[in-house]
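Position one of the sequence shown corresponds to residue 34 (my numbering), numbered consecutively onward.
Treat each hint with caution, since some may be false.
[To be verified] As a list, the in silico DMTMM-like pairs of lysine to aspartate or glutamate whose alpha-carbon atoms are at most 25 Å apart: (1) K184 to E67; (2) K184 to D70; (3) K424 to E96; (4) K660 to D615; (5) K71 to E110; (6) K504 to D337; (7) K102 to E181; (8) K47 to E513; (9) K694 to E732.
Simulated from the structure, these hints should not be mistaken for laboratory data.
Small disclaimer: the values here were computed from a predicted structure and weren't measured.
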Amino acid sequence: PGVPRHTNRLINEKSPYLLQHAHNPVDWYPWGQEAFDKAKRENKLIFLSVGYSTCHWCHVMEEESFKSKEIGEIMNEHFVCIKVDREERPDVDKVYMTFVQATSGGGGWPMSVWLTPELKPFAGGTYFPPEDGVHRVGFRTVLLRIAEQWKENKDALLESSQRILEALRHTSEIRVQGQESPPPPKEVMDTCFQQLSRSYDEDYGGFSKSPKFPTPVNLNFLFTYWALHRTTPEGARALQMALHTLRMMAHGGIHDHIGQGFHRYSTDQRWHVPHFEKMLYDQGQLAAVYSRAFQISGDEFFADVVRDILLYVSRDLSDQVGGFYSAEDADSYPTTTSGEKREGAFCVWAAEELRALLPDPVEGATEGTTLGDVFMHHYGVEEAGNVDPMKDPHEELKGKNVLIARCSPALTAARFGLEPGRVSALLQECQQRLASARAQRPRPHLDSKMLAAWNGLMISGFALAGAALAKQGYVNRAAEAAAFLRTHLFDPDSGRLLRSCYRGKDSAVEQSAVPIQGFLEDYVFVIQALFDLYEASLEQGWLEWALHLQHMQDKLFWDPKGFAYFSTEAGDPSLLLRLKDDQDGAEPTPNSVTVTNLLRAACYSGHMDWVEKAGKILAAFSERLQKIPITLPEMVRATALFHHTLQQVVICGDPQGEDTKEMLRCVRSVFSPNKVLMVADGDSAGFLHRQLPFLSSLERKEGKATAYVCSNFTCSLPVTSVQELRGMLSP
34 PGVPRHTNRL
44 INEKSPYLLQ
54 HAHNPVDWYP
64 WGQEAFDKAK
74 RENKLIFLSV
84 GYSTCHWCHV
94 MEEESFKSKE
104 IGEIMNEHFV
114 CIKVDREERP
124 DVDKVYMTFV
134 QATSGGGGWP
144 MSVWLTPELK
154 PFAGGTYFPP
164 EDGVHRVGFR
174 TVLLRIAEQW
184 KENKDALLES
194 SQRILEALRH
204 TSEIRVQGQE
214 SPPPPKEVMD
224 TCFQQLSRSY
234 DEDYGGFSKS
244 PKFPTPVNLN
254 FLFTYWALHR
264 TTPEGARALQ
274 MALHTLRMMA
284 HGGIHDHIGQ
294 GFHRYSTDQR
304 WHVPHFEKML
314 YDQGQLAAVY
324 SRAFQISGDE
334 FFADVVRDIL
344 LYVSRDLSDQ
354 VGGFYSAEDA
364 DSYPTTTSGE
374 KREGAFCVWA
384 AEELRALLPD
394 PVEGATEGTT
404 LGDVFMHHYG
414 VEEAGNVDPM
424 KDPHEELKGK
434 NVLIARCSPA
444 LTAARFGLEP
454 GRVSALLQEC
464 QQRLASARAQ
474 RPRPHLDSKM
484 LAAWNGLMIS
494 GFALAGAALA
504 KQGYVNRAAE
514 AAAFLRTHLF
524 DPDSGRLLRS
534 CYRGKDSAVE
544 QSAVPIQGFL
554 EDYVFVIQAL
564 FDLYEASLEQ
574 GWLEWALHLQ
584 HMQDKLFWDP
594 KGFAYFSTEA
604 GDPSLLLRLK
614 DDQDGAEPTP
624 NSVTVTNLLR
634 AACYSGHMDW
644 VEKAGKILAA
654 FSERLQKIPI
664 TLPEMVRATA
674 LFHHTLQQVV
684 ICGDPQGEDT
694 KEMLRCVRSV
704 FSPNKVLMVA
714 DGDSAGFLHR
724 QLPFLSSLER
734 KEGKATAYVC
744 SNFTCSLPVT
754 SVQELRGMLS
764 P
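From just these sequences and the hints, can you work out the full model?
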C-alpha cells in the first residue's frame, strides 16, 4: 500500500469503523453540526450510511461502491454524505432503522437512508449492489433518481418526509394506557413459555430453523420458568429446552473449537456454519448463561464452556488497562500474500492441511490410525470440505471445513479402539497444535473501541462465572474492568457515564474530542454489572456506585407521563424521535433489564419508590407483554420477579471467616433467580448498614455465621446450617 489517493474528514475520528472509510473518494462527514449546516446552506439532501466495523456486508458495499471514484463523484455532487458507527451512536441508528423497517419491512446493515436537510428520512434500505441487476436496482441508479426527484419534486418530498415522521412518532410510542397496572404474571409467563415451546427445534435446539441466533434472553427466561415450576412437566421441558440448546451450540461450528469463544450466529439449522464475527456482548451474555446452566445441572461440561469463553475474552478482547474491546471481524486474508479478504479464512481448515499438521501415529489405536484421523472423525472433517454450497453463495468456504463436534469422546474412542479419557487428551493436543498453526495466519480486524454497555455485560459474565465456579480470578478480572469504567467512562464532575473510549497510539486509552454521553443501555448494563460484582466480591463501593448511577438514570431518561425510560436524553435537536426499545434482541432491551435492576436497588437501599417505578415500566409494556411476550422474554422474567418479591439473603458473619465463606459458597452455587445476596459484617458505619438499618438487628447465633432470608425487610428465623440454607434457596 502506497500513499492513499483520498483522505476525508473521517481521518480525525476515533471509531475504527469511521477510520475504515477515511480514504474513500466519498467526502464523508461524521454525524454533527458541520454536515447539517452544509446541507442547509447548499440545499442538499443528506445520504446517511450506518454500519459497524465487523459487518461483512458493510465491507462489501464499501469495496463495490464507496471505493468507486465514479460513484463517489455522484455522491459528492448531489449529497452531503454522513457515516455513522451504529455501536458508537445507537441513538441515531435506532431512529433511522425504525424508519427503514417501517417502510421496507426489513432492516440490517449497512443501512442506507436519504434525509432532507432537516434530517427527516424519506427513502432508505440496506445493502445496494453498485449496478442494476435482474432483481435489484443498483446504488448508482438510486442516487441519480433521488437527486432528480429533489430537483423536480422538492415540495412533494418534503411533505412526504413530514408525513412519514408523524406516522413514526405515532407508531413508535410506548406509554401507559389509562390506569393500567402490571400484567398478570402467570398468564404472561405461560404464554411466553408456550410461544417459545412452539418455535423450539427439538433436534438441534434453538428457536428457529435458520439462521439461528444464541438469544441468551430466551435461555435465561427458561431457567427462571423452570425455577418457578420445578415440579411440573412444563418446568422440566423448559429446563430440557435450555440445556439442550446450550449443548448443541457448544458442539456446533458457532463455537470456535480452536480459538475459543462464540461467533455471532449460525446460517443453518445445525449451528454448523456461522457468520464468523465475534462480538463482546455475545461472550458476556453466554458466559453468564452457561454459568447458570452449571449451577442448575452441576455438569462440568457447562463449566468448561464458561472457562473457554473467558479464556478467549481475556486473551483476545482485553485491553491492558482493563477494558474490553468490542469485536473481531468475520473477514481476513487467507495468507500473508493474499490480496483479498475472505469470510471465515482465519477459522476454517482443508483436510490435507489437518493431515499435514497431525501425522503422528496413535499408540494403542486401530492399526494405522493417526492423530489426524481421530481429530477429523470427531470434528466432522471431509476431504472435499464439509460446508453445504447453499450456505456458501460466494464460494469463500469451498473445499474448507468448519469444525463441529459430530460425536461424543466415547463414540470416537469406540471407533478407534481407545479409552474415552485418552481421546479427550488427544483432542486437546490436536487443538493446541492447530491453535499454533492458526496463529501464523493473518488475524481478522479487531474493533478496539470500548463501550460502557458492552463492558457492563462482560463484567456480569466474569462476576457470575466467578461466583458460580468459585474462581476468584474471574471476580478480580470483573473488578479490574469496573475500575477501568470508573476511570475512563465516567465523569465524576457531572456524575454521568460516557459511551465510548478507544485504544490509541502506544495502547493509551483515548477519548474523542467531544465525548459521547452514555445512553440508557450504558447505565442499565453497567448498573446490572455492579450489582453482580457486589454479590461476587462483597465490595460495597460497587453497590454505592450502582445506586448513584440508578438515580442519574432516573433523572436523564425517565418518562414521567408515559412511564418507562427513553433510550436517549432529551435536548438533542438532531434526534427526531425519543424511542423506547420494545424487543429483546442480541442484547436485552434496557427497559427489560432495568425492572430487575430497580428491584435489586430497592433491596439494597430501602427506597421503595424504585419498586413502584418497576411496576410502572411493566404497566407501560403491559399490552405487548400479554399479546406477544416472546418479543420480551427478559421483561417477562422480570414480571415474575416483580410479583414474587425478591428475597434478601443476608449472611451475618466475618467475610474472611471459613464458616461465612462456606455459606457464601452455598448461596452462590444455587440458581435462585429471585434472590439478592448481602453480608452484614457488623460495621454499622458501612454503606449497607447506613442504607438498611434493619441489618443491625440481625445477629450471629452461637458465634457462627448465620443466614437470614428476608422478604420486604422481614426476616426468617436464623439458620446456621448450610443444608438448611440450601433447602430454603431451592424449594
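When the structure is checked against the list of hints, which entries are broken? Sort them ascending. none
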